[in-house]
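Following the hints, position chain B with the ligands against chain A.
There are 2 protein chains.
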Amino acid sequence: MRVRVDWRTSASILGTILKILALPIAAVGALAAAYREPLAPFLAPLAITLLAGVALERFDRGDPGVREAFLLVSSAWLAVALVGAVPFVVAGEGTLADPVNALFESMSGITTTGATVIDDYDAHGRGVLMWRQVLQWLGGLGILVLAVGLLSELSISGAQLMETETRTQNVTKLTPRIEGTARLLGGLYVGLTALLTGLLYGLHLVGRAVGSPDLAPEMTLYDAVAHALTTIATAGFSPRAESVGAFSPAVQWLVIAFMFVGATNFVLLYHLTRGETDRFRESEEFRVYLGVVLGGTLIVGAMLVLDGEYAVGEELVRTTLFQVTSIVTTTGYATVDFDLWSAGPRHVLFLGMFVGGMAGSTTCSIKTLRWLVVGKTFHRDLFTAIHPRAIRPVRLSGQTVDEDTVRDIYAYTLVSLVIFGLLTVFVVIDASRAGVEVTEFGAMGAAASTFLNIGPAFGFAGPYGSYEPFPDSTKLVMVVMMWVGRIEIFPVLALLTRAFWRS
Amino acid sequence: MRVRVDWRTSASILGTILKILALPIAAVGALAAAYREPLAPFLAPLAITLLAGVALERFDRGDPGVREAFLLVSSAWLAVALVGAVPFVVAGEGTLADPVNALFESMSGITTTGATVIDDYDAHGRGVLMWRQVLQWLGGLGILVLAVGLLSELSISGAQLMETETRTQNVTKLTPRIEGTARLLGGLYVGLTALLTGLLYGLHLVGRAVGSPDLAPEMTLYDAVAHALTTIATAGFSPRAESVGAFSPAVQWLVIAFMFVGATNFVLLYHLTRGETDRFRESEEFRVYLGVVLGGTLIVGAMLVLDGEYAVGEELVRTTLFQVTSIVTTTGYATVDFDLWSAGPRHVLFLGMFVGGMAGSTTCSIKTLRWLVVGKTFHRDLFTAIHPRAIRPVRLSGQTVDEDTVRDIYAYTLVSLVIFGLLTVFVVIDASRAGVEVTEFGAMGAAASTFLNIGPAFGFAGPYGSYEPFPDSTKLVMVVMMWVGRIEIFPVLALLTRAFWRS
Ligand SMILES: [K+]
Ligand SMILES: [K+]
Numbered sequence: 431m432r433v434r435v436d437w438r439t440s441a442s443i444l445g446t447i448l449k450i451l452a453l454p455i456a457a458v459g460a461l462a463a464a465y466r467e468p469l470a471p472f473l474a475p476l477a478i479t480l481l482a483g484v485a486l487e488r489f490d491r492g493d494p495g496v497r498e499a500f501l502l503v504s505s506a507w508l509a510v511a512l513v514g515a516v517p518f519v520v521a522g523e524g525t526l527a528d529p530v531n532a533l534f535e536s537m538s539g540i541t542t543t544g545a546t547v548i549d550d551y552d553a554h555g556r557g558v559l560m561w562r563q564v565l566q567w568l569g570g571l572g573i574l575v576l577a578v579g580l581l582s583e584l585s586i587s588g589a590q591l592m593e594t595e596t597r598t599q600n601v602t603k604l605t606p607r608i609e610g611t612a613r614l615l616g617g618l619y620v621g622l623t624a625l626l627t628g629l630l631y632g633l634h635l636v637g638r639a640v641g642s643p644d645l646a647p648e649m650t651l652y653d654a655v656a657h658a659l660t661t662i663a664t665a666g667f668s669p670r671a672e673s674v675g676a677f678s679p680a681v682q683w684l685v686i687a688f689m690f691v692g693a694t695n696f697v698l699l700y701h702l703t704r705g706e707t708d709r710f711r712e713s714e715e716f717r718v719y720l721g722v723v724l725g726g727t728l729i730v731g732a733m734l735v736l737d738g739e740y741a742v743g744e745e746l747v748r749t750t751l752f753q754v755t756s757i758v759t760t761t762g763y764a765t766v767d768f769d770l771w772s773a774g775p776r777h778v779l780f781l782g783m784f785v786g787g788m789a790g791s792t793t794c795s796i797k798t799l800r801w802l803v804v805g806k807t808f809h810r811d812l813f814t815a816i817h818p819r820a821i822r823p824v825r826l827s828g829q830t831v832d833e834d835t836v837r838d839i840y841a842y843t844l845v846s847l848v849i850f851g852l853l854t855v856f857v858v859i860d861a862s863r864a865g866v867e868v869t870e871f872g873a874m875g876a877a878a879s880t881f882l883n884i885g886p887a888f889g890f891a892g893p894y895g896s897y898e899p900f901p902d903s904t905k906l907v908m909v910v911m912m913w914v915g916r917i918e919i920f921p922v923l924a925l926l927t928r929a930f931w932r933s
Numbered sequence: 431m432r433v434r435v436d437w438r439t440s441a442s443i444l445g446t447i448l449k450i451l452a453l454p455i456a457a458v459g460a461l462a463a464a465y466r467e468p469l470a471p472f473l474a475p476l477a478i479t480l481l482a483g484v485a486l487e488r489f490d491r492g493d494p495g496v497r498e499a500f501l502l503v504s505s506a507w508l509a510v511a512l513v514g515a516v517p518f519v520v521a522g523e524g525t526l527a528d529p530v531n532a533l534f535e536s537m538s539g540i541t542t543t544g545a546t547v548i549d550d551y552d553a554h555g556r557g558v559l560m561w562r563q564v565l566q567w568l569g570g571l572g573i574l575v576l577a578v579g580l581l582s583e584l585s586i587s588g589a590q591l592m593e594t595e596t597r598t599q600n601v602t603k604l605t606p607r608i609e610g611t612a613r614l615l616g617g618l619y620v621g622l623t624a625l626l627t628g629l630l631y632g633l634h635l636v637g638r639a640v641g642s643p644d645l646a647p648e649m650t651l652y653d654a655v656a657h658a659l660t661t662i663a664t665a666g667f668s669p670r671a672e673s674v675g676a677f678s679p680a681v682q683w684l685v686i687a688f689m690f691v692g693a694t695n696f697v698l699l700y701h702l703t704r705g706e707t708d709r710f711r712e713s714e715e716f717r718v719y720l721g722v723v724l725g726g727t728l729i730v731g732a733m734l735v736l737d738g739e740y741a742v743g744e745e746l747v748r749t750t751l752f753q754v755t756s757i758v759t760t761t762g763y764a765t766v767d768f769d770l771w772s773a774g775p776r777h778v779l780f781l782g783m784f785v786g787g788m789a790g791s792t793t794c795s796i797k798t799l800r801w802l803v804v805g806k807t808f809h810r811d812l813f814t815a816i817h818p819r820a821i822r823p824v825r826l827s828g829q830t831v832d833e834d835t836v837r838d839i840y841a842y843t844l845v846s847l848v849i850f851g852l853l854t855v856f857v858v859i860d861a862s863r864a865g866v867e868v869t870e871f872g873a874m875g876a877a878a879s880t881f882l883n884i885g886p887a888f889g890f891a892g893p894y895g896s897y898e899p900f901p902d903s904t905k906l907v908m909v910v911m912m913w914v915g916r917i918e919i920f921p922v923l924a925l926l927t928r929a930f931w932r933s
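Top line first, the protein sequences correspond to chains A and B. Its first residue numbered 431, the first sequence is counted upward by one per residue in our numbering. Its first residue numbered 431, the second sequence is counted upward by one per residue in our numbering.
Bear in mind the hints are in silico, worked out from the structure with no lab data behind them. This structure is a prediction, so every number in the text was calculated from the model and none was measured. Hints may be right or wrong, so weigh each one.
[Claimed, not checked] Derived, one-sided and incomplete: chain A residues facing chain B with beta-carbon distance under 10 Å:
1) D644
2) I816
3) E833
4) T854
[What the hints assert, rightly or not] Output of the computed footprint for chain A on chain B, the stretches with three or more beta carbons under 8 Å from beta carbons of chain A:
5) 806 to 816
6) 844 to 850
For glycine and all other residues, C-beta sits at the position ideal for the given N, C-alpha and C.
The following block holds chain A by itself, in its conformation from the complex (with noise of 0.2 Å):
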């Protein structure tokens, strides 16, 4: 066991990821030189990420162990959150260009969080709303790698479901095997996104080709981009004040699809590609995450009707599906200000905040996975407490989950809870210091929104609202609460413990 955490590992390979992050920021440079915008804001960072890059690279790079990995992802996620929000700065549009609401807006970018500072999207440049939206696909992709390199190890994601190895040592030092998986399901992740962008743009086309002036007239190729980049990566951001409600039922029909498909496991969605549909069947989590889904829809749809909100038909359905789908998955995204719901259906939503899509997918909030696995254990253990000398396994789609699995679940489950209960009394207390007023149930949100990371909340930081109005101390508490949530807490709370520096 080494002696001290081997920080110089971990800087180096922050290095490597610095310099590729320069690709994107130059991308979105280009964009906004074709928009004739101005390209200072993408300038700064770019020059930024190379030297830091180059810089931090040169650090001898040995073989990373667990601890190297929890400075590793901690780091990368914090760093590319502070250059991410220097395009805002530089640019210094609207209330992006204050450098607090900037980090708050860059952080719940590369977290996939999807909660926004902005209260006026027209004082925004293409470029720069486009960078919110690439900033979301990154924190995507990366998670989607963590998820299958990392937490796998680090905590209990996706491991036993995903069939990758399990409790290896060095676990940057990756297995070809890992390493394998992880190209494969970037590569999907590109692919569907690809093909999201191909759709919405399609419909736009063939609604002008034909016509149909209902079809998507509104979906312009820099719209498709922007909304397959957020969609996949199930984040939420927009560059449309009116989110997803900008868009024709098609578009919000498409977009539901591909929510799903995006909180689904990608390792079963990579089965499926290849025509594999048995691990689906088997897949006990995909029935209770489906299950969730439409037994929420169900809920939601009635109380709307009873309420009078809408009549049993086509956007009733699609409009309930659509916010119960965004919110389940942590899209984020809406069609309609929910906010505006009597208190059953905007209560149904906030608990769908804490169950989350499938693990191994970009989705956050706890995952379907642990609730699957705290369900079971505790219905075995209240099995136990009847029959005290039984003996019985805890299983999952025919698998057997280990007793420390099992206990790793619960902790995770409960300080995620103990953590957001924390969160929204200090929301509470420090917005009412400050004189901002907010309601319990608006902090209450606020706080499940940003620390599970599903992006908008209830009264001002509703879907069609910002978070804008708190005040600073609040929200570089939720900044912390955003990281520390996307990279499932250990890691964070690890670097914290003596045990982490010396031992």
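Structure of chain B with the ligands alone, referenced to chain A:
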């Protein structure tokens, strides 16, 4: 392993419990007679308990196992709540005349919750008001016996700290040691109640004797008994609308001390009465419990001073220490309407609701022991995440906590938080459906306060308010949640599994 649950044994023991219950009913009936109040409210339940008790006791009684114990515990608390409601309905006074209200008040009594639906104390006779106090005292005694004899088996309560035998098979086939412990602790409970009664009434008598009108002029013998009963039980009912705020500072200091004692592990208290102070000094749980009370007082006190509510002085210290001790010990008394405080102190009190006092006492909520184990285990898990090959057991007060217990504690804490969350959402939706205006914070407070058996909440159900305005459907669900929460969830949930009834 028995094939079916032997419900006859549970029914027979329940019969004995009901017969014993006739005694306190008769005693309160005698008190009512002394005050020349109607006797019918007490004759009715007296007849019911004696008849049902004798009838049930005739069932064949075998050796009860875990399932019989679950069934007994669940049905005992429910049966006493039903019988306990009869005096309120028969008396027909004020809001308690309504059957749903009566059941709410009775369940709130026997579960030592202390949430009330009374809105006019003057409407009720002294017998009926004393019956509420006696119900709570009985509930405290019941939980103490349960903590020693059963919960140390069924879940995790104080087993490890209390050094009672654990994981035996026939849990209610009390070993002489467990039965002896139960007797000793029950005796201590009675002794402490008598001591506090004497001290409270003594203050009154001394005050009158020395002609000091401020010492405890209001503390009649009736009030001394009434408040001693619900202080030791950390229960919180009071026959006074102003709760302990109706009495002098001297009385308030005494009550602070005895609330604190009531939520202290009774095994430690027992050793203390024998002059053995080592156990106290070794108990990590006691240190955390004391730290939470003092730390909470410091935080709330500082906030109140900043708010300009109080100047630094005796009144600030007493008032803050009283409300914090009352909430953390789950008693639920008040000396001021803390619902009128600003967001900061109100939310710190709200968080305090989830802590609870020490295992092995009459306290409710999640309890310090569980949070301590959760915290230690989480810290350990961070360590093993960094050093995957290290084996490091969780240690508490020098003893190793086994991993099954750790997992049980995680499960219990997590399930408690999930139930609290779902109950909050239910209260909001149900109240809004019924047109009862309840704030989100009011709903959160009422959900926590009933399920965790504390008593007062915020808003109209605040410390000087009443749960009466809630719709009947909400009240009935709260009745169930008080019941489920007080007997630590597992017994009731186990009854709902198929394995309980046949396997
Ligand atoms: K999101
Ligand atoms: K109580």
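Does the interface hint hold: is A:E833 within less than 10 Å of chain B, judged Cβ to Cβ?
-> 7 Å, holds
Given A:I816 was flagged as interface, is its beta-carbon under 10 Å from a beta-carbon of chain B?
-> 6 Å, holds
Against chain B, with CB atoms and a cut of 10 Å, does the hint on A:T854 hold up?
-> Hint on A:T854: holds, closest Cβ of chain B at ~9 Å, below 10 Å.
Restraint satisfaction for A:D644 [CB to CB of chain B, less than 10 Å] | It is violated, given that the least Cβ distance between A:D644 and chain B is near 37 Å, above 10 Å.
Given that the segment 844 to 850 of chain B was listed as covered by chain A, double-check it with a C-beta distance under 8 Å for 3 or more residues.
-> It holds, with 4 qualifying residues against the three required.
Would you check chain A against the segment 806 to 816 of chain B, counting CB to CB pairs closer than 8 Å, and say if three or more residues qualify?
-> Check passed, 8 qualifying residues.
Going down the numbered hints, you'll see the structure goes against just number 1.
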